[in-house]
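Turn these sequences into a full structure, and let the hints guide you.
Protein chains: 2
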Amino acid sequence: MNNLRIDAQRLWDTLMETAEIGGTPKGGICRLTLTDLDRQVRDWFKAAAEAAGCTVTVDDMGNMFARRPGRDPGLPPIAMGSHLDTQPTGGKFDGILGVLSGLEVLRTLNDAGYETHAPLEVVNWTNEEGSRFAPAMLCSGVFAGAFTREFADSRTDREGKRFGDELDRIGYRGTERCGDHRLSAMFELHIEQGPILEDEGKEVGVVTGVQGMRWYEVTVTGFESHAGSTPMHLRRDALLAAARMVQAINTIGHDHAPQAVTTVGLMECRPNSRNIIPGEVFFSIDLRHPDDAVLARMDGEVKEAIAAIARESGVEARVEDIWDSPAVRFDAECVAAVREAAAAQGFSHRDIVSGPGHDAAYVARVAPTAMIFVPCEKGISHNEVEKIEFDQASAGANVLLQAVLSYDRTLQERAR
Amino acid sequence: MNNLRIDAQRLWDTLMETAEIGGTPKGGICRLTLTDLDRQVRDWFKAAAEAAGCTVTVDDMGNMFARRPGRDPGLPPIAMGSHLDTQPTGGKFDGILGVLSGLEVLRTLNDAGYETHAPLEVVNWTNEEGSRFAPAMLCSGVFAGAFTREFADSRTDREGKRFGDELDRIGYRGTERCGDHRLSAMFELHIEQGPILEDEGKEVGVVTGVQGMRWYEVTVTGFESHAGSTPMHLRRDALLAAARMVQAINTIGHDHAPQAVTTVGLMECRPNSRNIIPGEVFFSIDLRHPDDAVLARMDGEVKEAIAAIARESGVEARVEDIWDSPAVRFDAECVAAVREAAAAQGFSHRDIVSGPGHDAAYVARVAPTAMIFVPCEKGISHNEVEKIEFDQASAGANVLLQAVLSYDRTLQERAR
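One line per chain: the protein sequences are A and B, in this order. In terms of our numbering, the first sequence opens at residue 1 and continues consecutively. In terms of our numbering, the second sequence opens at residue 1001 and continues consecutively.
I should point out that these hints are in silico values taken from the structure, not numbers from a laboratory. Hints should not be assumed to be uniformly reliable.
[Unchecked claim] Some chain A residues well away from chain B (every beta-carbon gap over 12 Å; in silico):
hint, residue
1, Gly164
2, Thr208
3, Arg270
[Claimed, not checked] A few chain B residues that face chain A, going by a derived Cβ cut-off under 7 Å, partial list only:
hint, residue
4, Val1056
5, Gln1247
6, Gly1265
7, Arg1274
8, Ile1276
Cβ coordinates follow ideal geometry from the N, Cα and C atoms, glycine included.
Now the structure itself:
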């Protein structure tokens, strides 16, 4: 184990410098993908990477690869990647920390004159947020073969502008075909966007995978009638039945705790009038679990519970499956490299499964991949008040540095 | 007893004609108070009343009074009143039958050249439904001194529009101060909106009073966070807590059955996004019972239950009392006039207490008042399928006609 450490102040200054590109009065960033502000931060990134001696290439989905050569130019690079685009009311760290920490790693290695066996690359993935062009993680998705380039080009924003046209407009349509760029591995540093690490006082999360997720839409149909003149025993109250379903869905989440999460986040009551017994209620369900088998069991339990409650309540309930995203398990060797890097530097850490999706979840389909989490205040993200401490950013970047170097040593030993 | 009868076909045609103003594909009406459609039906009513020789005045709450002169211009008028506004998914008869039957009574008297002792008036009360601007019966309430005009003006709809601004916008802010308009009496014909008359095969309900009711607004505040990364045990889910409250409120209704009814009819979830744990839920409560003492007990039980659930769920709940309408007993003389009018015309009838609130419940505070009920199919109301038969409408209007004429004779005798 070497004694290299990143320059925490330089990393922080770089975070604050780029935060001004699209910076908001509330201290957040509004830097939607493929806007002029996105071009501005891309130009900044290209210049900074070249100043650090890198060669920057861009693929035809706008994904940017800043390469620092290694001793063996034949080896595919070890990548450090995330995204520089943000939500409309995004914070200063979501995605950005992962890209700028990668840059800081390269700068640190330059200062130390440290030569790696494999080339290293910092990757800026296009449109991770999916806020302007749905879906999210669009171009890491194309990179991994989850979407076609034609599908990506055809996505439109609310004004009807096409992804492909906007990519051309800002001048970041590269020549390399997206997906042809081979990687030896990828490590993504990201804020947790949840409260677990902070709650347990852990400095680092060793991300072992991304949980599976299923979305549903439920329509409960009862019978609308007058609140003042319909006796309790004659009612078919859609909201009362939906209320029972919300509780059952919550209970199923607790039954499969600690790893399961179940959420009803959206509900509409119709006709939604104070003195009318609700005739129809529409709500969404979000089920997540790291293990697809358990998720499948939860699916069955939820559907059974809804059907039973509908029967007892004298209402009808229609459940529609609208999205199924299987669980991702990261590469054991990459995860071990992260865990050892955290331990070797004395950071308190725990294994954790990501709740949100990330570019790494798609890249894992085509290259050994792992993620590093650092806590963020109260787990708040996708919010201008999103906040991490100087030391937390530094810890994450140092774990990224050492994980990459240890994986590089593994490749070197393998080459022997 | 005279042999006057209303023109049933003309009444029915008038009902169907106005039903087109805000008519829905399902055969109901959506004519929320103070919307452009409300203005349209008000304009229609004013024109129709003037065509029947009436003078139409409007007070500063938008209540409309269509006056047919009597022999004694000094006497306050005998009113026939109800409302022309509807629920978002309302039927064709709720309120409307009472106003248009009043108009039909005047037309019948015109055809017969019948001169009453007291002036007669048809009243259209503003915002009876309370669906857009809570509380219900707002402007008969101001008329009776239950609310101030300032309170009424300051009510806002869910988009934040003020009652006063919308009243000005549609041009129905009259000059007469609401409440200054004296009445000798008021008779309100209305559909029962419950199943009792139909069950017992009665053609007419002689309404002796209205049950007490209380309305509340509850705001539950939890904590917004990411559905994918917030473990079940760290959640403060406002919707889950609200779901428990909805069930507790329903249970309290059953505890006081058969006379009690409790309803949560309106609910809004915020931010209402599929992958965000709800941070705030707003909902309404409607409690009713014929006995004010029991209603007061229910009030205490509901507030206790909400407070307990909030504590257990780690959320905050603010409960606001927004409306308290005590049980009402109608004027004995007016009730007798209705009962005799029904009997004299050979209609099967019974005394009944109203479950729903009505403008008459407030007007009864300032003038002798009674109501006439006619059955509606299956007791269904506040629903686009709300339905009554041609003969039922006719029976109600004939009872209204004779009750008003008999009360007019009473006033005449008293004057002697």
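A quick look at each hint next to the structure:
The beta carbon of Gly164 of chain A is kept farther than 12 Å from every beta carbon of chain B, the shortest such distance being approximately 27 Å. Residue-level check passed: Thr208 of chain A sits 14 Å from the nearest beta carbon of chain B, beyond 12 Å. Listed as a non-interface residue, Arg270 of chain A fails to keep its Cβ farther than 12 Å from every Cβ of chain B; the least gap is roughly 8 Å. Checking Val1056 of chain B against chain A by beta carbon gives a least distance of about 29 Å; that is not within 7 Å, so the hint is violated.
About 6 Å separates the beta-carbon of Gln1247 of chain B from the nearest beta-carbon of chain A, less than 7 Å, and the hint is met. A least Cβ separation of about 5 Å between Gly1265 of chain B and chain A falls short of the 7 Å threshold, and the interface hint therefore holds. The beta carbon of Arg1274 of chain B is positioned within 7 Å of a beta carbon in chain A (closest approach about 4 Å), and the interface hint is therefore held. Look at Ile1276 of chain B: its Cβ gets to within about 5 Å of chain A, closer than 7 Å, so that hint holds up.
Of the numbered hints listed earlier, those contradicted by the structure are 3, 4.
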